[in-house]
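Visitor: Just add 78 to wherever you are in the sequence shown, counting from 1, and you've got this note's numbering.
If you're looking for bench data, these hints aren't it; they were derived computationally from the structure. In this text the structure is predicted, and so the values were computed from the model without any measurement. One thing to keep in mind: the hints can contain errors.
To be verified - Beta-carbon label-pair distances, calculated as ranges:
(1) Gly301 - Glu110: 12 to 22 Å
(2) Asp106 - Gln298: 45 to 55 Å
(3) Lys185 - Met209: 20 to 30 Å
A virtual CB, placed ideally from N, CA and C, is assigned to each residue, including glycine.
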Amino acid sequence: MIDRAPLEHEEALRLLKRVKLGDSQAQDILVEHNIALVKSIVKKYLNRGTEYDDLFQIGCVGLIKAVRNYDESFGVRFSTYAVPMIAGEVKRFLRDDGMIKVSRSLKELASQAMAAKERLSMASGGDVGIMEIAKELSREPEEIVMALDAVRPHTSIYEPIYADDADACVADRVASDEDEECEVVNKLLLKELLRVLEPRERQIIMLRFFGGKTQCQTAQIIGVSQVQVSRLESKILKKMRETAQSDTQTAG
């Protein structure tokens, strides 16, 4: 299939509205113009024992789900919405196919963390953060985050993530597993969302979501604590989300 150029936001919205009315041709057009996005995401998951063609087909399933489930009220552009949907579908396939393994120690720590969270929540009558859980278990905060992320199922992109910002959700992580050098994602997402960031903010996002660095590794690189990275990350994601929402409202 020939890679087609990404659609303008307004044209994508018109086609998505037609899809809601049952227009299969509009769906085909949207899929054709986002095939390059699928390919760029799938390349991230090669060399894990699954053929490229199989992963590509799974990625296309994620793209079709994004086309059918997108709602303009989400407040993000279609490409922004589609990236985690496609990546999530591929991850789910690899996980269910036994390609992604979670160590027993991580599973045990995650179980302990969830139990501690429930105990602390019942005792305080309120929400419990990562710091409180880490203190309760005498573990480092990044260990708790890693354990919880390892066992967290890939479900709705609007499921809350483990962060201090209660408003943060998986959809905010518009390109959490993308390669920084990928031309398609750069065009669709970086130019759109990273343009509002300060140099230090941009560095954090590039390290965390494009460079594959943990919060602890990012903290060491930029010279701050892991807790500071967590807080900065939440604020930056919120800033990017508000920009995406503002752009969508302006376009509408």
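Visitor: Would you mind marking each hint as holding or not holding in the structure?
Guide: Cross-check of the supplied hints:
1. Gly301 - Glu110: 12 to 22 Å: 46 Å, violated
2. Asp106 - Gln298: 45 to 55 Å: At 47 Å between Cβs, range holds.
3. Lys185 - Met209: 20 to 30 Å: 22 Å Cβ-Cβ, so the 20 to 30 Å window holds.
Checked against the numbered hints given earlier, the structure breaks only hint 1 and satisfies all the rest.
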